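A.B. asks: Please model the entire structure based on the sequences and the hints provided.
Number of protein chains: 2
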Amino acid sequence: MLGVNRRALLSVPALLSIPAILRVTSALAQDASNQLPSWNDGPAKQSIIDFVRATTDQASSKFVPPEERIATFDQDGTLWVEHPMYSQMMYCLDRVPILAAQKPPLRDEEPFKTVLSGDEEAIAKLTTPDLERIILTTLTGMTTEEYAAEVKKWLATGKDHRWKRPYTDLTYKPMQEVLSYLRANGFKTFIVTGFGQDFVRVYSDRVYGIPPEQVVGSALAVKYDYAKDGKPLLIKEPKLMLDDNNAGKPEGIHLMIGRRPHAAFGNSTGDRQMLEYTGAGDGARLAMLVLHDDAQREYAYGPAQGLPDTKVGTFTQALYDEAKKDGWTVISMKNDWKRIFSFE
Amino acid sequence: MLGVNRRALLSVPALLSIPAILRVTSALAQDASNQLPSWNDGPAKQSIIDFVRATTDQASSKFVPPEERIATFDQDGTLWVEHPMYSQMMYCLDRVPILAAQKPPLRDEEPFKTVLSGDEEAIAKLTTPDLERIILTTLTGMTTEEYAAEVKKWLATGKDHRWKRPYTDLTYKPMQEVLSYLRANGFKTFIVTGFGQDFVRVYSDRVYGIPPEQVVGSALAVKYDYAKDGKPLLIKEPKLMLDDNNAGKPEGIHLMIGRRPHAAFGNSTGDRQMLEYTGAGDGARLAMLVLHDDAQREYAYGPAQGLPDTKVGTFTQALYDEAKKDGWTVISMKNDWKRIFSFE
Chain A
216 MLGVNRRALL SVPALLSIPA ILRVTSALAQ DASNQLPSWN DGPAKQSIID FVRATTDQAS
276 SKFVPPEERI ATFDQDGTLW VEHPMYSQMM YCLDRVPILA AQKPPLRDEE PFKTVLSGDE
336 EAIAKLTTPD LERIILTTLT GMTTEEYAAE VKKWLATGKD HRWKRPYTDL TYKPMQEVLS
396 YLRANGFKTF IVTGFGQDFV RVYSDRVYGI PPEQVVGSAL AVKYDYAKDG KPLLIKEPKL
456 MLDDNNAGKP EGIHLMIGRR PHAAFGNSTG DRQMLEYTGA GDGARLAMLV LHDDAQREYA
516 YGPAQGLPDT KVGTFTQALY DEAKKDGWTV ISMKNDWKRI FSFE
Chain B
216 MLGVNRRALL SVPALLSIPA ILRVTSALAQ DASNQLPSWN DGPAKQSIID FVRATTDQAS
276 SKFVPPEERI ATFDQDGTLW VEHPMYSQMM YCLDRVPILA AQKPPLRDEE PFKTVLSGDE
336 EAIAKLTTPD LERIILTTLT GMTTEEYAAE VKKWLATGKD HRWKRPYTDL TYKPMQEVLS
396 YLRANGFKTF IVTGFGQDFV RVYSDRVYGI PPEQVVGSAL AVKYDYAKDG KPLLIKEPKL
456 MLDDNNAGKP EGIHLMIGRR PHAAFGNSTG DRQMLEYTGA GDGARLAMLV LHDDAQREYA
516 YGPAQGLPDT KVGTFTQALY DEAKKDGWTV ISMKNDWKRI FSFE
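Just so you know, the sequences run in chain order A and B.
Start counting the first sequence at 216; every next residue gets the next number (the numbering used here).
Start counting the second sequence at 216; every next residue gets the next number (the numbering used here).
Since the hints were made in silico from the structure, they are not lab data.
If you're wondering where the values come from, they're calculated on a predicted model, not measured in any experiment.
There could be a bad hint or two in this list.
Note: identical chains are not told apart, hence a pair may lie in one copy or across any two.
What the hints assert, rightly or not - Lysine-lysine pairs mimicking PhoX-like chemistry, simulated, CA-CA at most 25 Å apart:
#1 Lys454 with Lys438
#2 Lys277 with Lys388
#3 Lys368 with Lys340
#4 Lys277 with Lys446
#5 Lys277 with Lys367
#6 Lys277 with Lys549
#7 Lys446 with Lys379
#8 Lys340 with Lys374
#9 Lys340 with Lys539
C.D. replies: Below you can see the structure in the form of structure tokens.
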């Protein structure tokens with residue numbers, strides 16, 4: 216009936232009536248305990264609340280004008296499960312048989328042959344160049360629209376092996392609450408992912424309330440071309456344009472957002488430079504790292520736990536030391552999160 | 216007093232009280248004549264009004280959900296004056312003496328020597344590679360923050376030669392009205408400029424109400440590094456990362472926005488592919504071209520006027536023919552705009 220989007224309106228605090236807006240500043244900060252219900256009381260939860268209070272209170276020396284309230288979130292391991300393998304890597308592996316059916320010579324070519332063998336042990340041993348080759352081969356040679364349609368289809372049917380649920384169910388409820396809490400306080404939230412932005416953009420609005428243009432990630436080049444009927448197309452090319460990992464994260468933030476974030480969340484060495492860049496700005500800055508130390512409810516991995524390194528997000532001792540030195544807050548999944556998932 | 220941005224709130228239709236929201240759809244479309252006061256009645260104004268009506272009316276087969284309402288605007292020649300030279304090129308030329316004072320050998324090196332001579336005729340004859348060399352030299356080797364500060368300083372003092380006003384005063388009032396009208400109807404507005412996005416981002420919010428992250432433009436690479444005191448920096452490098460012209464416009468739109476616009480505005484062959492890409496989408500699409508045919512109030516240039524080609528935005532006969540064929544609307548500055556600038 217309305218020519219306006221109900222969901223978008225309902226998520227905007229501005230929709231509140233005028234008197235309600237007058238109460239917003241104090242009410243929101245004080246209601247933090249209600250807005251972060253999946254967090255246990257402790258230094259991690261407190262640092263989020265303190266940051267929001269300081270940046271939204273005009274009487275505070277750390278007040279940040281709303282148009283500068285930028286918060287960035289790594290995705291894999293920070294907003295959703297990354298273990299034992301990144302979801303987008305699962306997608307690429309699942310694409311190999313489809314591609315091999317279209318191009319039979321791939322069946323005898325490594326690393327595709329190994330993937331097709333189904334030998335999980337051998338697949339787990341594929342090297343980084345092998346995986347990169349699989350990524351470049353499975354994500355390219357199609358239009359951007361065909362790719363988005365493929366990802367959408369895969370997400371609707373693919374299921375995680377442990378919880379037997381769609382991958383998009385495996386987001387962390389406490390982090391969803393942080394996204395909402397920051398947005399309710401005037402922050403614009405962005406995903407800054409080391410994996411492909413075209414992948415995350417397919418579901419970012421539905422899953423995180425983050426529109427596609429607020430997803431920064433690694434990006435393959437696209438090439439403008441015309442179909443036989445003259446219709447313009449964008450073709451995904453096997454050429455990495457933006458490697459949004461490590462130093463590439465602040466570089467990507469500058470390219471796509473153009474401003475230094477006031478808050479950043481990560482979980483691995485790939486997020487180090489984003490957190491450094493965020494933390495080094497003037498005034499109130501919040502830099503947080505999710506530590507995977509809950510083997511029972513999720514996973515425990517990374518050398519900080521005395522566990523062997525894995526292919527996914529590495530939380531090294533050096534990163535832990537830098538966090539302590541620079542005043543970043545480490546979030547312990549085990550101690551700081553009352554609940555991990557919405558479905559529990 | 217409030218921990219919220221007054222200006223941001225006031226620009227959001229959602230701030231209206233609930234009963235007002237119920238009236239929004241019909242009221243806004245009907246009030247178009249009030250919202251586009253600098254436009255003369257005619258096909259150009261009508262096509263904008265018709266497009267907004269169709270895309271915001273849920274009863275229309277061309278209704279577009281608010282989250283998909285993306286509108287892109289070229290800047291130079293579309294939102295503000297580009298003749299006789301792009302403002303950012305003026306900035307680069309003005310930087311040459313400053314740079315030569317820091318690096319004296321530049322004084323004897325072309326094309327810097329010509330720029331320093333002040334010989335306007337010779338400067339006007341500089342080739343595209345000359346200009347590119349000047350751009351790469353004057354915009355790099357500093358941090359992103361130093362660059363933004365320099366641009367801000369230049370904008371505060373630099374004045375256009377004809378109107379003797381700051382460059383940022385030279386935006387077209389009718390286009391400012393289109394930006395506001397689209398935003399009032401739920402569209403997210405983006406600048407897609409062939410020139411540098413770092414330049415436009417310095418003033419986009421103040422001048423157009425468009426935040427930095429909604430400015431897509433040509434971009435030099437930045438390199439993450441550390442200052443001597445260990446503080447992280449981003450250094451502007453002399454390496455073109457994104458050439459946001461011609462086919463680079465839809466490619467840049469995909470990279471930075473991730474969706475096909477429903478409306479696009481340009482004024483030259485550099486905007487052709489953006490308009491093709493926009494126009495080729497399903498449902499209601501609006502593609503418009505500003506024609507500079509008003510020598511008295513602004514400028515008249517481009518072969519469509521039987522005038523010699525210039526270094527700035529070229530509106531060729533071929534572009535004009537494509538516009539007619541594809542149903543794009545040509546805006547005649549002379550006939551469609553009642554007023555050109557706010558200061559008049």
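A.B. asks: Honestly, which of those hints from before does the structure not fit?
C.D. replies: When the structure is compared with the hints, numbers 2, 3, 6, 7 and 9 turn out to be violated.
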